[in-house]
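*Asks:* Chains as they are written, first to last, in the working numbering: chain R, 1 to 453; chain G, 1 to 453; chain F, 1 to 453; chain E, 1 to 453.
Just so you know, the hints here were simulated from the structure itself, not pulled from any lab data. Among the hints, a few may not be true.
Okay, the calculated bits of chain E under chain G, using three or more residues with CB under 8 Å as the criterion [unchecked claim]: (1) 75-84; (2) 93-102; (3) 124-133; (4) 314-323; (5) 364-371.
In this text, a Cβ means the ideal position worked out from N, Cα and C, and glycines have one as well.
Protein chains: 4
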Amino acid sequence: MSDPTPRRLHDPLLGDPVVTAWFTTEAQVQAMLEVEAALAAAEAEVGVVPVRCVAPIRAAARAELYDCAALAEALARSGAPAVPVARALTARVAAADPDAARYVHWGATSQDITDTALALQLREAGPRVVEHLGRATGAAAALARRFAETPMAGRTWLQQATPVSFGLKAAGWLDGLGRCRRRVSGALDDALVLQLGGATGTLAALGPRGIAVTEVLAARLGLAVADLPWHAYRDRVGALGCALGLATGVAGKVARDVSLLAQSEVAEAWEGGDDDRGGSSTMPHKRNPVGAAVALAAAARMPGLVAALLGTLPQEHERGLGGWQAEWDLVPDLVGVAAGGTRGLADCLERLVVDPERMCANLEASGGLPLSEAVAMTLADRLGRGAAREAVERACRRAVAEHRPLAEVLADDPVVSAEIDGATIARRLDPRHYLGAAQDFIGRALARHEDGD
Amino acid sequence: MSDPTPRRLHDPLLGDPVVTAWFTTEAQVQAMLEVEAALAAAEAEVGVVPVRCVAPIRAAARAELYDCAALAEALARSGAPAVPVARALTARVAAADPDAARYVHWGATSQDITDTALALQLREAGPRVVEHLGRATGAAAALARRFAETPMAGRTWLQQATPVSFGLKAAGWLDGLGRCRRRVSGALDDALVLQLGGATGTLAALGPRGIAVTEVLAARLGLAVADLPWHAYRDRVGALGCALGLATGVAGKVARDVSLLAQSEVAEAWEGGDDDRGGSSTMPHKRNPVGAAVALAAAARMPGLVAALLGTLPQEHERGLGGWQAEWDLVPDLVGVAAGGTRGLADCLERLVVDPERMCANLEASGGLPLSEAVAMTLADRLGRGAAREAVERACRRAVAEHRPLAEVLADDPVVSAEIDGATIARRLDPRHYLGAAQDFIGRALARHEDGD
Amino acid sequence: MSDPTPRRLHDPLLGDPVVTAWFTTEAQVQAMLEVEAALAAAEAEVGVVPVRCVAPIRAAARAELYDCAALAEALARSGAPAVPVARALTARVAAADPDAARYVHWGATSQDITDTALALQLREAGPRVVEHLGRATGAAAALARRFAETPMAGRTWLQQATPVSFGLKAAGWLDGLGRCRRRVSGALDDALVLQLGGATGTLAALGPRGIAVTEVLAARLGLAVADLPWHAYRDRVGALGCALGLATGVAGKVARDVSLLAQSEVAEAWEGGDDDRGGSSTMPHKRNPVGAAVALAAAARMPGLVAALLGTLPQEHERGLGGWQAEWDLVPDLVGVAAGGTRGLADCLERLVVDPERMCANLEASGGLPLSEAVAMTLADRLGRGAAREAVERACRRAVAEHRPLAEVLADDPVVSAEIDGATIARRLDPRHYLGAAQDFIGRALARHEDGD
Amino acid sequence: MSDPTPRRLHDPLLGDPVVTAWFTTEAQVQAMLEVEAALAAAEAEVGVVPVRCVAPIRAAARAELYDCAALAEALARSGAPAVPVARALTARVAAADPDAARYVHWGATSQDITDTALALQLREAGPRVVEHLGRATGAAAALARRFAETPMAGRTWLQQATPVSFGLKAAGWLDGLGRCRRRVSGALDDALVLQLGGATGTLAALGPRGIAVTEVLAARLGLAVADLPWHAYRDRVGALGCALGLATGVAGKVARDVSLLAQSEVAEAWEGGDDDRGGSSTMPHKRNPVGAAVALAAAARMPGLVAALLGTLPQEHERGLGGWQAEWDLVPDLVGVAAGGTRGLADCLERLVVDPERMCANLEASGGLPLSEAVAMTLADRLGRGAAREAVERACRRAVAEHRPLAEVLADDPVVSAEIDGATIARRLDPRHYLGAAQDFIGRALARHEDGD
């Protein structure tokens, strides 16, 4: 369904071809034709239109029968996507069966067709985001399990702080991404709602059988029925956009972590892969974090798309002017960028190469400073938090100034050595003994993941 | 708790004083002190700190004991809100009980305190939005009931289209606002989560009893426990921001409707009220829709706030740099703007004056054109949709060109009059007979509302 | 250069085909090839590479020689747009002249090529926005001239206020759009800057002749030279995005005005045109403001795009990660949406139908209320502003309550009639006599427009 | 003028007290009173009002005479900031001189007063941003000069690439910040425009002398005169917001660089300062980059504020509904956040501690890999770009795999050693010899800076 040459050179990198394919001209025309065909069938079932009109309409409801470029041009005049499609469908049905043609688009307004088609398109394209998030959580879970006890520097404000394990970091990724996956899934379900209201949402053109048609049509299309037509109430679509925005943002968080771990000076983890990937035209030794860059680029684009979508909510009266039209690109872009970003992250995590030795070396390079808290907590039991902190700060400053390991400086400090001996200091400065509840946290994240996330 | 003079002149108009009060310097200091006191109590309960330290800490945990301006200045140096507060608290406890002072802030990182305090502040401030939405849905429900059968022009693309009833329009408001109210309520519940992780989220400083402290502290504060500390995972806060953004957007939609109905040339509904309200300094006759303007102003501000919040999600490693600090203003602003906007809308809807006669007159002024569809549908049964549309379009063009009522022109048209007589035309052009499923839709919206929305 | 079927069904409506064409895969590849060819020529001129390599490189620098889909796939692996292009170009040159192939992409980094190509693309696509704004200002100027003395209701807060002339309203459009046109033009000039820095912006690979190459290359391509390479400094591109955002916003303001004037109940001006345009599938009599909707949709999308662009500014070190990649879609989208929106507005204004009689009738329908200020100002000379305002407010309330013309009520009022007689009242309530400096303002706007705007 | 306790605890850290002070309730009231007083004086000069009314109005135009909290409450009813102020001023003037009171606010609409007051507020608050940018460029210039020849790793995609000098990096900061400073300065000048139009922008209430009043008033206030009143045309304010957004974004870029250089594993530069600054409550050894965090937080908030401002541009007719009201907080927030962010960056750069030895060590730790390009370029002269790249890539892979210095591996490589000897390799791998045009670029940036930036 997609064009062989991508619209923009970078589409295969930044986007998701499956999502792209579901929002092409042809795919949208096909989705609208499906809705028209199902509408006729539902109306026939309820007795609003004759049963004999259904087959000819269904037969003509195939996008390949139409000149999509011409439909696009016609839309540029009419202003509403379903208008040229309904006209072309009517003409084609009329050629085969003039009587059936009378019942094409019966009782619907063009926005009914476009919005319901959008629900069908979202049903196909949206799960790609869920799928990519599933791959990413799967990869994160594997890392959390494998490196549960691998110590590394925790980092706050980009400064080394008390140690964590790499498994705990991966469990954090898993936890955040899993929550986003459930959120996207739920918002997608909520947004898959039939639109049928006629010109102003009264279904007046269907006479007394409007609601019956609505129910049959929804069942045929596998969509939910809303309490009211929602032509000018786009909050369900908005909520989906928000869920996608949150997921892309958390994916960006994970990607930022990876990109920082992959820095030449840190080198604790990086995106592996085939030779070609992430190569630089001028720097043959580089291994650029391509997947992370894709996820970060998506995270940079999403907030503006969500803002634009929220900004279109105040639509006028029964059907608005401008806001709805803005949605025509916003929704495909939101799904496409979210899918591209989460795909980038999944690729990144699945090919992540981890260097536990370097993690250890980086921790040690700080001469024990990040573990000063462990000593301070032990001392605090004896000296109080204030005095303990003061003693440890003094030792840290001296360690930094004299380029000496903290253990040594602490052992030299009379206040400290009066309270704890060198062996205790050494034990307290061993990161493996200062991981707190890390194992519990990893266990919780894995348990929720295995519970069906 | 709030200052007697608002910070900016328009705060009482655009904001919500209750929300403002919960995010002042004093209120935040108080919330952080509450957390420190509860932390000591929980740690004593679990046996991490001695029970005797709890009372002195609790006694000192009152904001009025501190120079909040000095705390703010100290924060400008330390960079983290809880640091100066913990120091000041420690100093004050030490003055009374040096031993107890050793256990202030035990095992926590400053972000634990600030984030948990935020949850406490949100628990107080957030429900204001739910409350205003409740007032707005209440007012909309009353309008939906009262004007269920009052016909008015439906309007699409700002053009008159087939009629609706004003009750149906109000039911749409009710439906959208009710959905947003449930969404804000749910997101608020999800965001009321304890933060306790220590420096890098391992709880290492609490030794083997970290998780026990977490559970007791959460129970004491009435907050939920997260699977993992969430220092760098802000998606729950983000989801709350999204829900507030959606609610403010839908409130803006309703406000836009009201502002359009209140136009001098439409004059179907307007904000009533005391003489002073909405007066203009130069145009004494005007009645400006002040509540609607407030709601629309809020709807204009929210998308950017939500975007900024989503943009802060990619925070670095265990605790980020810049993103979290940006949240300090974003979250109070998001709650404040949402509360201000929904309050404006509630005021607007509660004082809405409706003019059913003008609704009728505006419909009639179009000479029946908006009801042309009703005739077209009737004719379509006989002529097919294409031919029927053609005949009615022709009549409409003639009615417009000759400034004659559509009924008359239709009766004159040989194609039309061959199929339907003048009485049928008149019946089809009576808006009361062309409201379709409006009553059902109103009933559904009211039922869901009464079901506890 | 563009695909015959638009990517999305609505592209011909919402977009600008010329802009679309300049940002396709093929167009970008061609632009990058141009840069590579010009680079070789400049380097040969300066003596960095042999002159004999130029012709073979130039000969191979035609996009149609390459499989663009394959280049896009290769980009998905390498992560940088110019990498596969440089490789493919090298291979093709090598086939013809292995020696020349050694000098392809000499001394450049891939971002040099992509950014400079972007400048070339912007030089072609950007002026479309200026052009559409030129059409819109031309149309506004014609309206300002033609309707300079046609009175209509001024409207504030969507309420009728003191009168304006339609020419003054159009002069406001002209003034705002003209300012935006100059702004876009200026920002475009500022953004057309060569990028050449090599891997980290030092031009080290070009040895001592880096700056000379830069100057010759810029001259050949007709681009400006920056003081420093700007790989991670995207503020010029950002400033262009801002100018486009401002222009689209002001276009949205004009479109909003038109859409409000076109309301069925106002009907003072509307988009005319061929039968097909703006028709509705269910409401044959409607004339939807399609151009205004396009401009408003663009105005809804732009702020989020600008925000995303600004959000990408903090790029890391010499060349960033994520931010630059986000730009690859943001910039084409910004130019495309701005071009689509301003084109929609130009179409709208060029086909605007104006009904001066209806303008008059709408003013009169308010029974003189919007002109109450004129009476109040006259009375204020005698009674003071407070008392005058009070008297006029009282009369306005009475006129509204009793559905009587204001002139009559004022004449009946003893306070008022003690000061001014009925003829004075009538004169003061004639909108043609209360247009203040409207003619001067129109004259100023036209003069600046004719001065070369 | 500001309250002694900041509104929010973090205001002294994230904001700028001077900007805050210019947007308080009291400051806004004072600015509006100034405008009212100047209006009376200008109207007296032109002969529209009697000269004797000027002194009493001027005497009453002092904010401290009014109950600002009461004005704020009154605004909550009237909906327009200048309405309660004009009323209170009139009442106070009336108490002293009833005749003079008749001429308060003569011929103006409330928005005239508020917008002109905003221009006065911006004239005072806006230059703070220029000032902070001036401090930042000053500091960057000093760094550029001092470290012009200090080599350090260039970094792209967060990977070490060819070397730069720290002076070149600082020159990039200088170049970008200087451009932003000029942009903010220019946009501020453009935005300092008088607003005077009366109810609908015709100046009708001033009769034939409206334009004369405008000119005299502008001269008295030191503001520019616009071609037309701009009540509903907010693009100049929007352009100022954009310039502030760009400046804050570039400040964020510099702050991101500093925060990355300050990482424990990089440690090439960091924010120095007093002991207290950036300390952590749990990690005594840490030195958090507080100024950089402030700048990054501002950069995270600004895009959403700019987007909201752009989103308010489509204001309705002569004076809009909602959009203008949104501006009341957006503009102070934009200036405040920009001032806070640029102040944070200025503080950061002024106290930056640089470690040239660590820069050198980090470069060397990569075993020459970042300089592989230098060798590749030299080899390319002999082998062609392709073969040279291949040889160097092979050597790089081997150096990485065998943990050996690149120089050694290259010397071992028969293809390489056939072309260049070990001394050449060593020279090519010396970063000081591979800085290209860095000195020229630094010179250019400094020259433009000294030229009055």
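*Asks:* With reference to the structure, classify each hint as holding or not holding.
*Replies:* Structure-based check of all given hints:
no.	hint	verdict
1	75-84	holds (count 9)
2	93-102	violated (count 0)
3	124-133	violated (count 0)
4	314-323	holds (count 3)
5	364-371	violated (count 0)
The structure is inconsistent with the numbered hints 2, 3, 5, although it conforms to all the rest.
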